[in-house]
Amino acid sequence: MHLLIQAIILGILTGGLYALMTSGLTLTFGTMRIINMAQGVFVVCGAYIAFTLFNYLHIDPFLSILVSTPLLFAIGFTLQTFLLKPIRHDAHRLSLLMTWAMAIGLEGILSFIFGTDFRGILTSYQNSSWTIAGYEIPVVRALAFLLSVAILVGMFLLLTRTKFGRSVRAVSQRESAAKLLGVNTDRTAALAFGLGAATAGAAGAMFGLVSSFDPASHYDLIGRLLAICVIGGLGSNAGAIAGAVILALSESLVQAEFSPAWSSVPFYVLLIIVLIARPRGLFGVRTRGAI
Amino acid sequence: MLAVLALFPFSGAESWIVNIGIFTLMYAVLGSAWNLIGGYTGYVSLGSVAFFGLGAYGLALTFQHIGIGSGFLPFALVPIIGIAVAIVSLPIGWIAFRTRGLPFIIVTISLVIILQYMALNLTDVTGGAPGLQVPQAPFPPGTYEEYFYWAMLVVFALTLLACAYVRRSRLGLMMFAVREDEDKARGLGVATSVPKYAAFAGCAAFSAMAGAVWAYYLSTVYPQFAFDGEFLAMGIILVAYLGGIGTLWGPFVGALILTPAQQYFAYSLGGSQLYLIAYAAVFIVVMLFLPRGVVTTIADRALRRSRRRKQAVEELATAESESARDTPAPVAAR
Amino acid sequence: MSAEGPLLEIDALSKRFGGIIAVDGCSFSVARGSITGLIGPNGSGKTTVLNMLSGYLASDSGSIRFDGKRVARPDPTTMYRGGMSRTFQRARVLPEIDVLDNLLVAAPKRGLAVWGMSKANRATVDYAMTLLDEFKLTRLTEAKAGELSYGQQKLLEFATVLMGKPRLVLLDEPTAGVNHVMVDLMTERIREFHAKGLTFLIVEHNMEFVMGLCDPIVVLDHGKQLFAGAPDDVQQNQLVLDAYLGD
Amino acid sequence: MLSTGTRLRSWILAIGLCAGVAACGTPAPTSSSNAPKGPLTIGISVSLTGDFSNTGKAAQLGYQLWASQVNAKGGILGRQVQLTFADDASSPTQVVTNYQNFISRDKVDLVFGPYSSLLTLAAAKVANRYGYAFVEGAGNGPSVFAAHLPNLIDAGPATAINGAQVWGDYILSLPADQRPKTAAYPSLDDPFSQPAAAALQARFEAAGIKTVYSQTYPAETTSLGGVIAKVASASPDMVVSGSQDADGWAQVQAMIQQKFNPKFLFMTNGPENPVDFPKNVGAQNTQGIFTSDVWTYGAPIPGNSAFVQAYVAKFGGDPSQIDSTSAQTYAVGQLIEAVAAKTGKIDNQTIIATLHQGSYQTVVGIVSVDQYGAPKGSQFLEEWIGGKLTIVYPPSIAEQAPVIPKPTWP
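In order, the protein sequence lines correspond to chains A, B, C and D.
Everything in the first sequence is counted per our numbering, starting at 1 for the first residue and increasing by one.
Everything in the second sequence is counted per our numbering, starting at 1 for the first residue and increasing by one.
Everything in the third sequence is counted per our numbering, starting at 1 for the first residue and increasing by one.
Everything in the fourth sequence is counted per our numbering, starting at 1 for the first residue and increasing by one.
Among the hints, erroneous ones may be present.
As the list claims (entries may be wrong) - Within a straight-line C-alpha distance of at most 20 Å, the following computed EDC-like cross-link-like pairs (lysine to aspartate or glutamate) qualify: (1) D/K263 x D/D177; (2) C/K144 x B/E14; (3) D/K181 x D/E205; (4) C/K144 x A/D90; (5) C/K144 x C/D98; (6) C/K136 x C/E147; (7) C/K165 x C/E192; (8) D/K376 x D/D169; (9) D/K107 x B/E14; (10) C/K224 x C/D60; (11) D/K107 x B/E146; (12) D/K181 x D/D237; (13) C/K224 x C/D11; (14) D/K259 x A/E136; (15) C/K196 x C/E208; (16) D/K73 x D/D237; (17) D/K259 x D/E205; (18) D/K279 x A/D117; (19) C/K196 x C/D98; (20) D/K279 x A/D60; (21) D/K259 x D/D237.
To be verified - Quick list of simulated restraints, FRET-style, between CB atoms: (22) B/L288 x A/V149: 37 to 47 Å; (23) C/E142 x B/A157: 43 to 53 Å; (24) C/S27 x B/I80: 28 to 38 Å; (25) D/G386 x A/L66: 35 to 45 Å; (26) C/Q236 x A/K163: 27 to 37 Å; (27) C/E142 x B/I80: 39 to 49 Å; (28) B/P138 x D/S368: 25 to 35 Å; (29) C/V181 x B/S306: 48 to 58 Å; (30) C/A195 x B/V4: 57 to 67 Å; (31) A/I59 x D/T350: 54 to 64 Å; (32) B/V4 x D/V275: 53 to 63 Å; (33) D/D318 x B/L290: 45 to 55 Å.
In case anyone wonders, no lab produced these hints; they're calculated from the structure.
From the three backbone atoms N, C-alpha and C, an ideal C-beta is built for every residue, glycine too.
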């Protein structure tokens with residue numbers, strides 16, 4: 001029982017971080033109707049930025065978010081402008097490969113700069129943990145969780161309260177409609193893609209803190225993030241959060257209660273069940289039949 | 001054309017060239033097989049790799065459990081494995097086809113991930129991470145590659161045959177209809193599930209056959225290489241796109257350009273991470289400048305030339321076509 | 001096939017999208033051999049009714065009887081095979097395949113026939129060619145459907161739905177965005193096939209076209225039948241005028 | 001179709017061209033096996049990109065160091081050694097192509113092994129086909145020897161499995177009252193660590209040490225909190241981690257976070273890296289952690305100090321940064337030298353025949369292999385003491401006695 005709760009705590013803490021990573025995917029899908037296969041590598045970039053700042057300038061990884069976020073935004077914005085905009089005529093087919101190319105290219109660049117060794121960020125509080133009612137709560141994970149939630153809330157406000165948010169939603173409703181409302185869809189798309197990358201940047205700094213990584217780490221990441229999207233329902237923020245928590249929970253539970261070897265399997269099984277029972281995902285809205 | 005390929009080994013090509021030929025054909029098979037589902041039916045799938053891996057493990061496992069020598073017999077096994085995997089693919093298709101478009105892509109990715117997990121963890125069956133060993137074929141080193149080359153060529157021929165059949169048959173017409181506008185097709189009495197499952201199973205069968213030959217040639221199978229969702233999966237689609245999706249020879253042309261180039265890059269300039277960057281660069285160039293692929297682009301140019309001549313005549317022929325061209329056709333709803 | 005009674009009967013058909021009631025207990029029928037017009041101001045639920053008839057949309061309640069038999073759960077494929085085919089408001093053709101293939105797809109084939117070596121048998125192809133000829137599309141046989149002008153696409157779509165030798169054709173705004181030359185061509189064809197005994201249900205905004213062609217005419221408003229009758233009666237009817245001019 | 005046909009024929013030419021380019025592009029391999037004079041060309045594929053690339057590079061350094069030294073001494077039997085490297089991008093398909101190219105295209109005299117068992121096997125089979133000896137320094141997973149290849153020789157003191165047995169030797173050498181009573185075996189699901197941990201588990205169970213936890217976790221596992229929580233709840237005296245590098249760090253971090261401190265902590269891999277391990281778990285946390293290793297820069301092995309000096313002289317850096325893989329690949333070269341010295345010949349048959357009997361001194365200790373090339377020896381035991389990686393067992397080469405039990409985390 002104690003173990004179970006311990007596992008649940010760890011699961012939820014990790015889930016928060018995944019939710020943040022996924023929210024970026026959701027945003028780009030919502031606005032541009034494309035899956036950003038590079039989200040994983042964006043996260044890894046964020047981790048390397050935090051790693052560099054920490055090792056050479058001794059900046060705390062949590063502070064380095066202030067650098068990684070705008071930096072990744074810039075990268076995302078640029079990539080969208082130069083690589084994705086030109087192919088928007090056939091985006092729904094080409095974007096997958098294009099973003100994948102970005103992912104591999106960035107992986108190459110990262111390996112070129114940092115080599116392919118595993119890296120970890122070792123802060124003074126790396127291994128400390130709070131003991132609450134007999135449960136060990138790792139400080140880094142707790143902080144990462146809280147910060148992720150905070151950023152998610154921030155994003156939510158950004159999307160609901162601001163003009164940018166309105167145009168994003170307009171675009172995601174129907175591009176033609178948005179055009180009528182005088183929304184610059186290209187610009188919005190670029191901003192949205194940049195913002196998606198930015199969330200990865202923020203999440204990445206924390207990812208680097210809670211687990212070690214190498215340039216190839218993005219393969220595992222993107223696999224998980226995509227699965228989270230589907231189970232939650234593509235383009236649904238609530239779904240992204242739910243999916244993330246489900247993933248992390250099921251993993252840590254199975255790890256603790258059954259066997260770590262199978263830790264990820266129940267999630268994918270669940271994914272399949274969801275698809276059979278409810279193809280659009282838990283929170284997905286039915287995509288209106290093409291009538 | 002196939003004859004040219006069949007004679008290729010006799011052209012005094014050394015075994016290292018034949019070796020590259022094998023992998024080129026492998027990608028040609030995988031690309032063409034992918035074309036069935038992704039190119040003709042319009043369901044972009046990353047599942048091919050899953051079936052490739054199943055084929056590879058299928059062969060290795062048969063070796064483990066039934067002692068089938070290590071001569072030519074395993075080749076005879078290849079088509080059986082193909083059929084078996086095709087059957088296995090049907091229930092998988094049933095799940096995957098509950099989604100469309102992007103969710104479908106993701107489902108197929110998950111499929112690869114799940115299978116890799118199983119290969120890693122069902123240790124009793126798959127041997128887990130240490131993988132499975134396949135005895136080496138007792139062929140003389142000088143001509144060792146050629147047998148695998150021809151085996152792969154036969155698989156390729158079969159794949160090509162299937163594609164050719166599809167392109168001229170009712171079934172293919174239904175596939176195209178599904179690709180163009182699935183809902184409209186339903187409204188025209190097309191039983192859309194028939195072409196969808198046919199394409200999915202076909203893709204599975206041929207991918208599996210390629211996987212089986214590959215496994216026998218390398219004579220080792222590891223989970224992370226058999227279910228390589230990273231390079232293999234995307235490589236397949238890239239090959240198809242580079243050549244031109246939906247065309248008969250496109251994937252082959254794509255493989256012919258890409259595979260030797262890739263193998264050569266890694267062999268010579270792999271010394272740095274530039275290899276990955278170069279690979280990505282190829283991707284991007286293709287997407288930006290040849291989004292419709294080599295074959296399609298060339299074909300289109302030829303077509304448009306002849307079309308333009310026709311048009312000129314029509315312009316005069318009917319006032320109708322004139323006035324009607326003023327109202328541009330709106331893009332299809334989906 | 002039972003020859004008596006209307007070909008199509010709709011009874012208390014309803015559909016709501018979230019809060020909005022698109023179709024609200026709508027009932028009307030289409031007599032055999034008629035060219036029934038279905039009109040009504042925007043948002044009166046015409047297209048929604050069509051979508052439910054053709055099985056693209058599940059109705060919340062109400063029943064559909066086609067050829068005297070109740071259609072429990074309409075589905076596009078079965079409806080088409082049952083002899084009811086439709087076109088769409090904005091023409092939907094299969095853009096990347098050529099015009100002839102667009103027709104051949106629509107030729108009813110089932111079971112093993114699907115696995116045949118050829119796209120269609122001689123007879124089917126001939127029939128398709130005659131249709132193309134009647135719709136003046138013959139010289140575009142080889143062209144990709146997507147390359148046709150919008151008007152031509154409308155014609156092609158119309159021709160396509162005739163491949164299944166249907167008994168009832170639902171045309172959704174056949175003249176929308178089509179120049180007069182082709183409207184006349186369209187009218188001609190409708191009359192011709194009507195003469196051959198084909199029944200039509202036509203949703204249309206172009207009054208001149210409807211009044212000239214359809215009888216009877218059913219008027220929808222707010223998702224239910226407002227009036228049904230001959231063109232002249234419709235034009236006289238006060239309710240109809242109010243509905244259109246808005247009150 | 002015809003037009004396509006012609007177009008494709010031109011593509012066939014393109015292949016030929018590409019091949020031509022390849023021929024000119026690669027460092028010209030002049031000699032061929034039937035011209036015994038001239039340089040001794042050796043083809044080696046290493047993973048310079050992809051999953052295995054960091055260690056792959058280390059492998060390359062070892063080979064290069066050996067080549068430069070032997071050439072300085074006038075080469076082997078008067079022939080200068082000429083290494084040709086190719087990248088296999090950590091892919092078996094590529095590794096096959098590379099050795100194929102070396103042997104049948106460049107006609108090199110010898111080939112040496114790549115990095116990682118997973119690639120070693122595919123490559124060794126190609127070499128076997130052509131009767132080439134396959135001496136390799138970085139592929140000692142069980143599957144490699146299970147393939148029963150006659151041409152394969154692993155230039156290491158021990159296989160991945162029996163390498164770790166030194167921990168078993170040590171624990172069972174303890175008086176019964178000092179031995180752990182219970183043990184946990186969290187292990188990474190890979191071809192080396194898991195079998196090693198499993199072998200130890202079997203031995204310990206036979207010796208009456210109770211197993212309270214034994215699970216493998218997949219390589220993707222980013223957080224080992226759950227695994228360690230489970231281990232901690234079983235509170236074993238001893239933890240035997242079948243770890244590689246990053247997951248090993250994660251295990252230690254999780255133990256610290258969960259304030260779980262076993263009396264004995266042995267990890268198959270991870271702690272033997274004198275730089276990355278303290279950097280990632282914190283130097284103060286390393287105290288009392290055991291691991292086994294084939295080599296360290298301080299190991300009192302004949303020729304080792306000379307090797308270390310030469311390495312630092314050639315590549316710079318600090319001895320503590322030398323990866324043991326470099327030493328292993330260096331040892332491959334030493335074996336070849338030994339064969340030449342012993343037989344006066346350097347052809348593949350001789351190499352295979354010679355190395356399968358007798359034992360040979362290398363910088364990684366004495367190499368002696370069975371008929372399938374599996375080394376018979378064992379590794380030595382290291383413990384982190386006072387922030388330094390110290391050899392503690394077997395006593396013959398121990399720098400000092402092991403310090404047990406493990407102190408609690410600071």
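Can you give the numbers of the hints that this structure goes against, from lowest to highest?
Of the numbered hints given earlier, those the structure breaks are 2, 15, 16, 17, 19, 23, 24, 26 and 29, listed in rising order.
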